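Throw the hints in and build the complete structure from the sequences for me.
Residue numbers (numbering that gives the first Met the number 0): 0 to 272.
Hints were generated in silico from the structure; no laboratory data involved. None of the values given here were measured: they were computed from a predicted structure. Positions of the beta carbon are idealized from the N, C-alpha and C atoms, including for glycine. Among these hints, one or two may not hold up.
Quick list of simulated restraints, FRET-style, between CB atoms [claimed, not checked]:
1. 95 <-> 139: 18 to 24 Å
2. 72 <-> 101: 32 to 38 Å
3. 193 <-> 116: 36 to 42 Å
4. 71 <-> 167: 18 to 24 Å
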Amino acid sequence: MTGSDVSPSFRLAYVPGVTPTKWVRIWNERLPGVPLTLVATPAGEASDVLRDRGADAGLVRLPVDRTVLSAIPLYVETTVVVIPKDHVVAAVDEVSLEDLADETVLHPLDDTLVWEQLPGEPAFERPETTADAVELVAAGIGVLVVPQSLARLHHRKDLTYRPVTDAPESQVALSWPEDETTDLVEEFIGIVRGRTVNSSRGRTATPPQPKAARTDKSGAARQKPAAGKNPRSGGAKGGAKGGTKPGPKGAAKGGPKGGSKGGAKRGKPRRRP
Numbered sequence: 000m001t002g003s004d005v006s007p008s009f010r011l012a013y014v015p016g017v018t019p020t021k022w023v024r025i026w027n028e029r030l031p032g033v034p035l036t037l038v039a040t041p042a043g044e045a046s047d048v049l050r051d052r053g054a055d056a057g058l059v060r061l062p063v064d065r066t067v068l069s070a071i072p073l074y075v076e077t078t079v080v081v082i083p084k085d086h087v088v089a090a091v092d093e094v095s096l097e098d099l100a101d102e103t104v105l106h107p108l109d110d111t112l113v114w115e116q117l118p119g120e121p122a123f124e125r126p127e128t129t130a131d132a133v134e135l136v137a138a139g140i141g142v143l144v145v146p147q148s149l150a151r152l153h154h155r156k157d158l159t160y161r162p163v164t165d166a167p168e169s170q171v172a173l174s175w176p177e178d179e180t181t182d183l184v185e186e187f188i189g190i191v192r193g194r195t196v197n198s199s200r201g202r203t204a205t206p207p208q209p210k211a212a213r214t215d216k217s218g219a220a221r222q223k224p225a226a227g228k229n230p231r232s233g234g235a236k237g238g239a240k241g242g243t244k245p246g247p248k249g250a251a252k253g254g255p256k257g258g259s260k261g262g263a264k265r266g267k268p269r270r271r272p
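Here it is in structure tokens:
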């Protein structure tokens, strides 16, 4: 990471058709002390806004200038053709570019699709914006091929749309200045990639705690018995009841057999003169 200073806020640019609501909600839950400011940006100007530091990061449409901007592709949109509800194409589920060969296909100046060759017949002039092109479709001037999110953004009751199976697709990405990968940018990357709070970059798990000693039912800690002792015995072998083993029979009363009560040996009687 090159950015070490945490800014007081985070500015997120986004282009038409992209809805950042979910990611903004998660940001506010995880970083309530860092306000996130949304910067609505035309698709063709998004790269300039990021290069000029008009936003910290942006939800943009590829391609972008990869020499100065980093980008993480997020998803690819379905491409559709916008038509009046009573148009013949409205009767089918999907179409190909060949099905539009005889149609006047409008090509606005802010088109987000990259064409090798435009389909259908060109209009007399190019509308300035996608919104202008939608108005011309409603007037019956032609049809418009756009990413599905833009068809929904400019929805009208008198118009509908159908998928175009072989048209170029638009890819949405998270982009930011390559030399400004700050901690807050890393936080937003984690959010759009679906990281949880505990798995976010820079967070460490709580170290395991040592196990407590096992206790018996009385609550006292169990101790390992000393070596050489039987844990069920009260002492050395044979010492539980009487201490030492009794001696030979008769030794307890008066010593050896034939001895007197006093313990001294009697001498011979003296003769009288």
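Going through the hints against the structure:
Judged by the Cβ atoms, the range 18 to 24 Å given for residue 95 and residue 139 holds: they are separated by roughly 22 Å. Hint check: residue 72 to residue 101, Cβ distance near 35 Å, so the stated range 32 to 38 Å holds. Look at residue 193 against residue 116: about 38 Å separates their beta carbons, and that is inside 36 to 42 Å. Against the hinted window of 18 to 24 Å, the Cβ-Cβ separation of residue 71 and residue 167 comes to about 21 Å, which satisfies the hint.
The structure fails none of the hints (numbered hints given earlier).
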